[in-house]
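K.L.:
As a plain string of letters, each chain reads:
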Amino acid sequence: MAKGQRYFIIYLLLILLALFMMGPFLWLLSVSLMPGRNVFASPPAILPTFIGFDNYVQVWEFMEFPRYIWNTVVITLLGVVFNILLSSLTAYPLATFRFKGRNLVFTLLISTMIIPSATAMIVHYLTIQSLHLGNTFLGVVLPAAVSVFNIFLMRQTFLGVPADIRDSGKMDGASELRIFLQLVMPLVKPGIAVIGLLEVMAFWNNFLWPIVVLEDPQKYPLAAALTYLNGQFSYNFGWIAAGTMISVLPIIIVFLFTQKYYMEGIAGAIKG
Amino acid sequence: MNKAMRSESFTAWAFMAPGLLFLALFTFWPMIYGIPLSLTDYSVIAETKYVGLDNFTRAFQDHNFLISLWNSLVYVLIVPVIQILSILMAILVNSRIPGVKMFRAAYYIPVVTSMVAVALIWSWLLGNNGVVNYLLMQAGILSEQVSWLSTSSTALYVLMFITMWKGLGYYMMLYLAGLQGIPADLYEAARVDGAGPLRLIVNVTIPLLRPHILFCTLISVMGAIRVFDEVYILTKGGPGTSTLTSSVYIFQKGLEQFNFGYASALGLIVSVLVGALSVLVFRLNRKGGVNSY
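As you go down the protein sequences, you meet chains A and B in turn.
Counting in this note's numbering, the first sequence runs from 16 upward without gaps.
Counting in this note's numbering, the second sequence runs from 98 upward without gaps.
No wet-lab data here; the hints were simulated from the structure.
Small disclaimer: the values here were computed from a predicted structure and weren't measured.
C-beta atoms are modelled at their ideal positions from N, C-alpha and C, and glycine is treated no differently.
Hints are supplied without guarantee of correctness; some may be wrong.
[Unchecked claim] Over the 10 Å line for every Cβ pair with chain B, so calculated as not near, a few chain A residues: (1) Met36; (2) Pro59; (3) Val88; (4) Pro108; (5) Leu109; (6) Phe112; (7) Thr122; (8) Pro201; (9) Pro205; (10) Asp231; (11) Lys234; (12) Asn245; (13) Phe270.
[Unchecked claim] Okay, the calculated beta carbon distance ranges per label pair: (14) A:Trp85 to B:Ala111: 31 to 37 Å; (15) A:Glu230 to B:Leu239: 40 to 46 Å; (16) A:Leu271 to B:Leu239: 31 to 37 Å; (17) A:Ser126 to B:Gln277: 41 to 47 Å.
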């Protein structure tokens, strides 16, 4: 087959597939840009015939978006910081120290990956209630503050740090904590970035657990608020479309700018 | 044990303490506590009693629970479809042509967006007067509108389609990582031996992707059995019980009706089922084929 012909077929397939995967989002974008448009009108509006930003302006005011964005940002930041700190601290000795009980810790960590827990959410709920963290952001974040997956991912990264870094630090009389914070952590930035990205997406998109923990809808993050508001404004397609676009755009932008790290992290999942 | 190593042990445990504490509370504790909880009638309203295996006998007579288990098993049918489609997609985006990275990113966007948004878009597209019905009727595939999500015979399959659509990019990337690890000279050698494109895929790519196929199958089986978000947002198990999956039923029993004891028993049954399915996947994957990897 000629090279040109081959290129043509591959590009055709790529574009058709892109329409299938991206089409629904582009359609939502077009609905959000057409104030007053009914998505169930016949024939349905597929391409925008006019463009206006009224939906965005109105939904921003009526649904108090800044509040929900603030909630989402706080929850996401807390979640990311907890995950980076706790998984680094836990993974570092597993990668570099020789200590009693190391194998036991490994066995315990691996066992959590094999034994599935379908009741976790129920027990989490009871735990959060007994810690008096119901209706707080901490209650939303803590059950997912560290994960075995992230610990293994960080351990893999720490294994790549040369051992003499720690030795030379010791030579200079630095404490283990100082060696960790000032010498080792700067060298594992790629690993930190991967965990940061994965957790940004997980916390940003999480809707169910926040609804369970938070009694006050004013504290909902965006994804949870959207389900709640859909019920209230279900007739106003343009608003809901605009609100949904506002909630997904930040994460899509973050992804597009960091996809290199992100993809590496996903690929690392198999090795980890 | 000498002094240096003892001090190193102490430091190691001090480093790990906060992380392990959280794991103990939110990972190990739920695994353990679910068992005693399932032997009680714990709920918020009444006093808690030990009820032995009552919850389990009740579960196996609970018609809705059995339906939900069956629906979850039906959901697993998407696993082979996802694997085949995402491997084909991975092969496609592994082509070395300009702009291919852009397409990879585009296919990944459904993965990073929230299920809330994805469910909303599809519920509109699939509505009675929605775009999907319009396009299918224009193409002559349908003669009249179908209420995809509110018809018992289609709702579950439509949800499975949405799950698959959102997940394809994820599995594609995992398989792509696998494809990029296959040495090019293997293809070269096969081509010299006269293998065509289809034989290259069947005889070189698939056998070498084996570890990836195992991993992806495992996580998608677990994902399918535990499917929750899309069902909960779009149908809440309905119409009737046609899309009631086990996770949704456990959630209703536990966190909506506060039947913690009973819900824990149901959860344990599902956990055992998922464990058994994972073992099955391992077995099937070991049998037959080329064990060259």
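K.L.:
So, for every hint listed, does it hold in this structure?
P.N.:
Checked hints:
1. For methionine 36 of chain A, the non-interface assignment is contradicted: its Cβ lies about 5 Å from the closest Cβ of chain B, within the 10 Å cut-off.
2. Listed as a non-interface residue, proline 59 of chain A fails to keep its Cβ farther than 10 Å from every Cβ of chain B; the least gap is roughly 5 Å.
3. The non-interface label for valine 88 of chain A is consistent with chain B: the shortest C-beta to C-beta separation is roughly 15 Å, beyond 10 Å.
4. Listed as a non-interface residue, proline 108 of chain A fails to keep its Cβ farther than 10 Å from every Cβ of chain B; the least gap is roughly 4 Å.
5. A cut-off of 10 Å between C-beta atoms contradicts the statement that leucine 109 of chain A is not in contact with chain B; the least separation is 8 Å.
6. The Cβ of phenylalanine 112 of chain A sits about 4 Å from the closest Cβ of chain B, inside the 10 Å cut-off, so the non-interface label is violated.
7. Residue-level check passed: threonine 122 of chain A sits 12 Å from the nearest beta carbon of chain B, beyond 10 Å.
8. Separation of proline 201 of chain A from chain B is adequate, the least Cβ-Cβ distance of about 17 Å exceeding the 10 Å criterion.
9. No beta-carbon of chain B is positioned within 10 Å of the beta-carbon of proline 205 of chain A; the least distance is around 16 Å.
10. Residue placement check: aspartate 231 of chain A keeps its beta carbon more than 10 Å from all beta carbons of chain B (closest about 17 Å).
11. No Cβ of chain B approaches the Cβ of lysine 234 of chain A within 10 Å, the least distance being about 17 Å, so the stated non-interface status holds.
12. Not every beta carbon of chain B lies more than 10 Å from that of asparagine 245 of chain A, the smallest distance being close to 7 Å; the non-interface claim is violated.
13. Non-interface status of phenylalanine 270 of chain A relative to chain B is broken: a Cβ of that chain comes within 10 Å, the nearest being about 5 Å off.
14. With their beta carbons about 36 Å apart, tryptophan 85 of chain A and alanine 111 of chain B fall inside the hinted range of 31 to 37 Å.
15. In this structure the supplied range 40 to 46 Å holds for glutamate 230 of chain A paired with leucine 239 of chain B, their Cβ-Cβ distance being about 45 Å.
16. For leucine 271 of chain A and leucine 239 of chain B, the Cβ-Cβ distance of about 36 Å falls inside the hinted range of 31 to 37 Å, so the restraint holds.
17. Between serine 126 of chain A and glutamine 277 of chain B the beta carbon distance is about 32 Å. The supplied range of 41 to 47 Å is therefore violated.
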